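The chain contents come next:
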Amino acid sequence: MNRARTGLPADPAGSGHTGRQLVLLREGTGRAGAEILRNATGLRMGLSSDFDGSVRQTQPAPGEGMLFERLGAALLHGDPDQARALAHRTDAQTLRVEPERYVRASGLAEGPTVTSAPLADTTLATWGLQATRIVSSRYAGRGIRVAMLDTGLDLQHPDFAGRTIVSQAFVTGLPVDDGNGHGTFCAGVACGPQQPSQPPRYGIAFAAELYIAKVLDDHAGGTDGNILAGIDWAVRNNCAVISMSLGSPVAVGDSYPHVYEQVAARALAAGSLLIAPSGNESQRPDTIAPVEHPANCPSILAIGAVDQSFAVAPFSNGGLNPNGGEVNLAAPGIAIFSAAPRPTLYQTASGTSMAAPYAAGIAALLAEANPTARGAALQTLVLQSFLALMAPARDVGAGLVQAPQ
Amino acid sequence: MSRVNIAVAVAEDARGRIYEVAAACRALGLEHTSTLADVGVLTGSVEFHDLPKLRAIPGILAVELEREFRSGEFRAGR
Numbered sequence: 001m002n003r004a005r006t007g008l009p010a011d012p013a014g015s016g017h018t019g020r021q022l023v024l025l026r027e028g029t030g031r032a033g034a035e036i037l038r039n040a041t042g043l044r045m046g047l048s049s050d051f052d053g054s055v056r057q058t059q060p061a062p063g064e065g066m067l068f069e070r071l072g073a074a075l076l077h078g079d080p081d082q083a084r085a086l087a088h089r090t091d092a093q094t095l096r097v098e099p100e101r102y103v104r105a106s107g108l109a110e111g112p113t114v115t116s117a118p119l120a121d122t123t124l125a126t127w128g129l130q131a132t133r134i135v136s137s138r139y140a141g142r143g144i145r146v147a148m149l150d151t152g153l154d155l156q157h158p159d160f161a162g163r164t165i166v167s168q169a170f171v172t173g174l175p176v177d178d179g180n181g182h183g184t185f186c187a188g189v190a191c192g193p194q195q196p197s198q199p200p201r202y203g204i205a206f207a208a209e210l211y212i213a214k215v216l217d218d219h220a221g222g223t224d225g226n227i228l229a230g231i232d233w234a235v236r237n238n239c240a241v242i243s244m245s246l247g248s249p250v251a252v253g254d255s256y257p258h259v260y261e262q263v264a265a266r267a268l269a270a271g272s273l274l275i276a277p278s279g280n281e282s283q284r285p286d287t288i289a290p291v292e293h294p295a296n297c298p299s300i301l302a303i304g305a306v307d308q309s310f311a312v313a314p315f316s317n318g319g320l321n322p323n324g325g326e327v328n329l330a331a332p333g334i335a336i337f338s339a340a341p342r343p344t345l346y347q348t349a350s351g352t353s354m355a356a357p358y359a360a361g362i363a364a365l366l367a368e369a370n371p372t373a374r375g376a377a378l379q380t381l382v383l384q385s386f387l388a389l390m391a392p393a394r395d396v397g398a399g400l401v402q403a404p405q
Numbered sequence: 001m002s003r004v005n006i007a008v009a010v011a012e013d014a015r016g017r018i019y020e021v022a023a024a025c026r027a028l029g030l031e032h033t034s035t036l037a038d039v040g041v042l043t044g045s046v047e048f049h050d051l052p053k054l055r056a057i058p059g060i061l062a063v064e065l066e067r068e069f070r071s072g073e074f075r076a077g078r
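Chains A and B are the protein sequences, given in the same order.
Counted from 1, the first sequence has number 315 at position 315 by the working numbering; the numbering is strictly sequential.
Counted from 1, the second sequence has number 67 at position 67 by the working numbering; the numbering is strictly sequential.
No incorrect hints appear here.
If the Cβ cut is set under 10 Å, some of the chain A residues that face chain B in the computed set are:
1) Asp150
2) Asn180
3) Val215
4) Gly221
5) Gly222
6) Ala229
7) Val235
8) Arg236
9) His258
10) Val259
11) Tyr260
12) Ala267
13) Ala270
Think of the hints as simulated: they come from the structure by calculation, not from any bench.
Just so you know, these numbers come straight off a predicted model, no measurement behind them.
C-beta atoms are modelled at their ideal positions from N, C-alpha and C, and glycine is treated no differently.
Start from the sequences and build out the full structure, keeping to the hints where you can.
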């Protein structure tokens, strides 16, 4: 961004913020958002559709704001107090107010930006690790127990050699060993090694202690009884993070299940944070399915998926239901590279199942960085660790989850 | 009558006596599979027509039929 041309102030404090404010409006607010923001802030509001789309013309001068009505967002260039007042409004149209950040043309070294070219895997790290700022993080999940509730793990996979792994099978008649691949993949994303036997690096919390609960059979199916038993086991073992890439579809209008919500609330109170995928039932742009069970519980974090350009993945479910049915955060979920059971060792896959372990791995890093933050406190930290995206909160929640540095 | 698998959430103020609650459920027909004391849940199976009786037991917060889950299937990688 050319600061002279846009009239932006320098960034003497090095905050990374421009002094302008981004406002996310509720879906469907449309052009009415201009009047709402004008009344709320006193700024002169323009509509981006009234211009030809050039950067110069859509950049608001001091005292002005610009509504990008097709995006459901606005950029305000006014007194920060006005924006702060807006953030405290409780009307239904204003969903979120964020300080605008400076972005760079190449985000790879400095972290991702919302205007970069699509990210790609390099010999150093997968695109997902770049997007979530894993490689530059000083944290590795040291001393943190992370439970993976899934199809198990290839316990002899070379990338997990030497790791602390505690495992338990909750599927009758099956060992913990992963006969499907889903569990090994998800464990790889959340807790894979810093230096895998074959590059690139694909895992996040490489020093975390792994608690592997096989709650899904080798066809990747399971029941409440197995999953609740797995959660109970993880809580009993003081796992700070419980990642469960599983779900069951719900309909628009469905409420969350009370048993799971009680379990999740009790897990939080005991110091365990539950994370689940939003689900893969959407076929965008035509059909958006609601966040599935159990991610639709208010006490469980629901994670949607984005691609290498930070666009919402076409299959990623959205926050259509209230009271827990919202997407909380987004994470990489397209063309994700991770571990596979021997002899394959590695594979690339897409899904919100791949996105949820990103949030789980980052939660482990945050838990290491904040030793007293567990349960609800850790959940709050995770929810505060994001890069705002130009996508509806319905689909990506607060934004793209980011690692602590 | 059909037998159904269920999960039972024990109310917060009854978690300290979860084994008594489990015994009351068994007396009303619950074939008790497990007690998940750390999260306050009982699992098992019961005749469908006995569900209202279970829900009326003091100390029970919710009784729900068991769901089936699956992981998100792998999708084409790239």
